[in-house]
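Peer 1: Heads up: the protein sequence lines correspond to chains A and C, in order.
Under our numbering, residues 1 to 184 are what the first sequence spells out, in order.
Under our numbering, residues 1 to 168 are what the second sequence spells out, in order.
Since the hints were made in silico from the structure, they are not lab data.
Mixed in with the good hints there might be a few duds.
[What the hints assert, rightly or not] Below, a list of computed lysine-lysine pairs in the DSSO-like style, where the Cα atoms sit at most 27 Å apart:
id : chain 1 : residue 1 : chain 2 : residue 2
1  : A       : 183       : A       : 163
2  : A       : 122       : A       : 163
3  : A       : 122       : A       : 139
4  : C       : 144       : C       : 117
5  : A       : 183       : C       : 151
6  : A       : 183       : C       : 144
[Unchecked claim] Between beta-carbon pairs, the in silico distance windows are:
id : chain 1 : residue 1 : chain 2 : residue 2 : range
7  : A       : 35        : C       : 124       : 25 to 33 Å
8  : A       : 110       : C       : 78        : 37 to 45 Å
9  : C       : 25        : A       : 87        : 27 to 35 Å
10 : C       : 164       : A       : 136       : 55 to 63 Å
11 : A       : 173       : C       : 145       : 23 to 31 Å
12 : C       : 141       : A       : 184       : 31 to 39 Å
13 : A       : 110       : C       : 111       : 29 to 37 Å
14 : C       : 145       : A       : 123       : 42 to 50 Å
15 : C       : 39        : A       : 183       : 15 to 23 Å
16 : C       : 134       : A       : 74        : 43 to 51 Å
17 : C       : 148       : A       : 87        : 27 to 35 Å
18 : A       : 135       : C       : 38        : 42 to 50 Å
[Said to hold, decoys possible] Covered stretches of chain C (in silico footprint by chain A; criterion: 3 or more residues with CB under 8 Å from a CB of chain A, positions within the stretch not fixed):
id : segment
19 : 66–78
20 : 121–135
Every residue, glycine too, gets a C-beta built ideally from N, C-alpha and C.
The chain contents come next:
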Amino acid sequence: MIRSEILREIAPVIRDHLVVCNIGIPSQELHAIDDQPTNFYMLGTMGLASSIGLGLALAQPKKVIAIDGDGSVLTNLGTLPTIANNSANNYILLIIDNGSYGSTGDQPTYAGKKTSLTAVAKACGCDNVIECRAEDTKKVLEEALAGDRMTVIVSKCESGNAKMPVITLDPVVIRHRFMEAVKA
Amino acid sequence: MSIDSRIVNDLVANGISFVTTVPCKQLADVIDEVDRRPEIMHVPSNKEDEGMGLCAGAFMGGKRPAIIMQNTAIGVTINTLATLTQFYRMPLPMLISYRGELREPVACQVEMAVHTKALLAQLNIPTYHFHWQKDVEELDNILKYTFMCSKPVAILTDANFWGGYGDQ
Chain A
1 MIRSEILREI APVIRDHLVV CNIGIPSQEL HAIDDQPTNF YMLGTMGLAS SIGLGLALAQ
61 PKKVIAIDGD GSVLTNLGTL PTIANNSANN YILLIIDNGS YGSTGDQPTY AGKKTSLTAV
121 AKACGCDNVI ECRAEDTKKV LEEALAGDRM TVIVSKCESG NAKMPVITLD PVVIRHRFME
181 AVKA
Chain C
1 MSIDSRIVND LVANGISFVT TVPCKQLADV IDEVDRRPEI MHVPSNKEDE GMGLCAGAFM
61 GGKRPAIIMQ NTAIGVTINT LATLTQFYRM PLPMLISYRG ELREPVACQV EMAVHTKALL
121 AQLNIPTYHF HWQKDVEELD NILKYTFMCS KPVAILTDAN FWGGYGDQ
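If we strip away everything but chain C, and leave its shape as in the complex, we get (with noise of 0.2 Å):
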């Protein structure tokens, strides 16, 4: 079974019905495959903290939500993490594609992922960080903690998790 199916498969068993999707090539094929799942609605969104609010919605409605984005969108939704979904005590499963890792091509990502688990310490968020792909057993644990104590919670995944990025 590929990683992405496998990942998906944990959102399903968990009863994430409703995720919100901001792009990165290394999220590219996972977001492929939640779309492609009839048991959860894809909304796109434009911006993360954008979908931050969409999330908190469908979490009103009854649905279990999941937002799949970049670090870099850390930098965009520390305000709506702490005055909205932590505020209100939502819980929220952050699939996060942690560039400016370990064999990433692009320096300019290196600054935000310097960031990345400082900010993530500071706003007292829980954090795991997929480094190889046996990390990925995980998942179905971390989901259920999630919702357990109805927090957002930060899965990071690495270059090396997804398998490299291109040909570095």
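Isolated chain A, as found in the complex (with noise of 0.2 Å):
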């Protein structure tokens, strides 16, 4: 199962939520499979996705869900430190971890190697980190978003890149809106 599929399946489950969306090949596949007000994508600034989750989570009290990869993560590891310390009950980290860099020609990520994000995100202090096969992420990201406790998700799938258009929605349409239905 790779990203897109992912996606696919979990894309009524996010729909009304406020998504924010990794850079590159991920926000183009949410983009086409399910577009909303809801989904901030952004468009550039690898490794933030985790990072403007949090601030937002952290600002307002609609559950936030941050969609990030594991060469995100890896680019901006000190986010992991920074979500366990500052408490948001309202956010959770998806982690889709195919381990390659898949909007750059898939090269491998040492999360594919021998690095654990999993491992990784609890030693920075996260206390409810959840590693899963990329078939069980719908239903362990429902019981989530049940939850009031912040959570991580670790999805291992595997690598791989659905063709999608690239998104031509200008960035302030795309922010405009997003803070439209922040407030709604």
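Take each chain as given, in its own frame, and dock them per the hints.
Peer 2: Written as structure tokens, this is what we have:
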């Protein structure tokens, strides 16, 4: 199972929640599968989806799901201690861990080798870290949304990308409609 | 009133309720003051680009953010400033310790100081330089200007502004 198949499965679960989606192909896939005003697509700035998601969760009470990748978390590893030490029980970080830099040609990441992001997140102090198979992501995410506890989900899937168009929405439009959805 | 209280009063008066910080010796007291204020959620970050991500999220969540950091961070955050804060047009006051300026004791700090204003100018970031303590009188206007135009704005504060650096 590859990332786009996970996104297709979880789309009905996340569509009514605030979603911050990782740069590159993940955002393109989510945009093509189920574009929603509650989706904030990152068009640049690799690594910051989890930080934007945490800031958003701390600033307001609605549930926030940040969809990140293993490569992006590795580029901003400092995010995990910040998440662990600033309690936001309305925050779910979903790391789709395909062991590769999908948007740049599927080069392997260290998360696909010896490094366990699950163990790193736990060592950083995240209390509620769940590693699951790609096939179980929807169920695990539903359970996390039903709870009121900050959750880090590491979904282990296969490497690969769906062919989707580049997002041509203006960034200020993405941001504006997202902020309207936050306020709604 | 201390300069630190004065600065944080201006932040609070302008509705800033989310502040992220990466420490610098010169900023230690103002960071303590931010941490003490009940009106402000203080979230320390491990790196300044991470902090700008937190600020972007907090802004979209309805809070007015600010970041407090050292000027070396300009070297770390250029991509984030261009592709997140500016591209999505978000306001971000940046209170920056301007290390490597007059009264600086550490030579290495000068190596980034000589690039700081040039980099900010290249990024078209409005930049203000506080050298005398009375310069703080501009802070309130600078904060209003930042949220009016929805841009990142730099406030460089050098060692002279903070009253010298240690024994120098």
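Peer 1: Do the alpha carbons of residue 144 of chain C and residue 117 of chain C lie within 27 Å of each other, as the hint requires?
Peer 2: Status holds; Cα separation ~22 Å.
Peer 1: Is it true that the C-beta distance of residue 141 of chain C to residue 184 of chain A lies inside 31 to 39 Å, as the hint says?
Peer 2: holds (34 Å)
Peer 1: Falls inside 37 to 45 Å, the C-beta gap from residue 110 of chain A to residue 78 of chain C?
Peer 2: Since the Cβ atoms of residue 110 of chain A and residue 78 of chain C sit about 25 Å apart, the hinted range of 37 to 45 Å is violated.
Peer 1: Should the hint that residue 135 of chain A and residue 38 of chain C are 42 to 50 Å apart at their CB atoms be regarded as holding?
Peer 2: At roughly 46 Å between Cβ atoms, residue 38 of chain C and residue 135 of chain A fall inside 42 to 50 Å, so the hint holds.
Peer 1: Within a Cα-Cα threshold of 27 Å, do residue 122 of chain A and residue 163 of chain A meet the stated pairing?
Peer 2: The given pair, whose Cα atoms are some 34 Å apart, is violated under the 27 Å limit.
Peer 1: Within 15 to 23 Å or not, the Cβ separation of residue 39 of chain C and residue 183 of chain A?
Peer 2: This hint holds: roughly 21 Å between Cβ atoms.
Peer 1: Could one say that the CB atoms of residue 134 of chain C and residue 74 of chain A fall in the range 43 to 51 Å?
Peer 2: holds (46 Å)
Peer 1: Check whether the Cα positions of residue 183 of chain A and residue 163 of chain A lie no farther apart than 27 Å.
Peer 2: violated (33 Å)
Peer 1: Mind checking the alpha carbons of residue 183 of chain A and residue 151 of chain C for me, to see if they're no more than 27 Å apart?
Peer 2: holds (22 Å)
Peer 1: Does the hinted range 55 to 63 Å hold for residue 164 of chain C and residue 136 of chain A at CB?
Peer 2: With a Cβ separation near 60 Å, residue 164 of chain C and residue 136 of chain A satisfy 55 to 63 Å, so the hint holds.
Peer 1: Okay, residue 25 of chain C versus residue 87 of chain A on CB: inside 27 to 35 Å?
Peer 2: Given a distance of about 29 Å, which is inside 27 to 35 Å, the answer is holds.
Peer 1: Are the Cα positions of residue 183 of chain A and residue 144 of chain C separated by 27 Å at most?
Peer 2: holds (23 Å)
In summary, the structure is inconsistent with hints 1, 2, 8, 19, 20 from the numbered list given earlier, while agreeing with the others.
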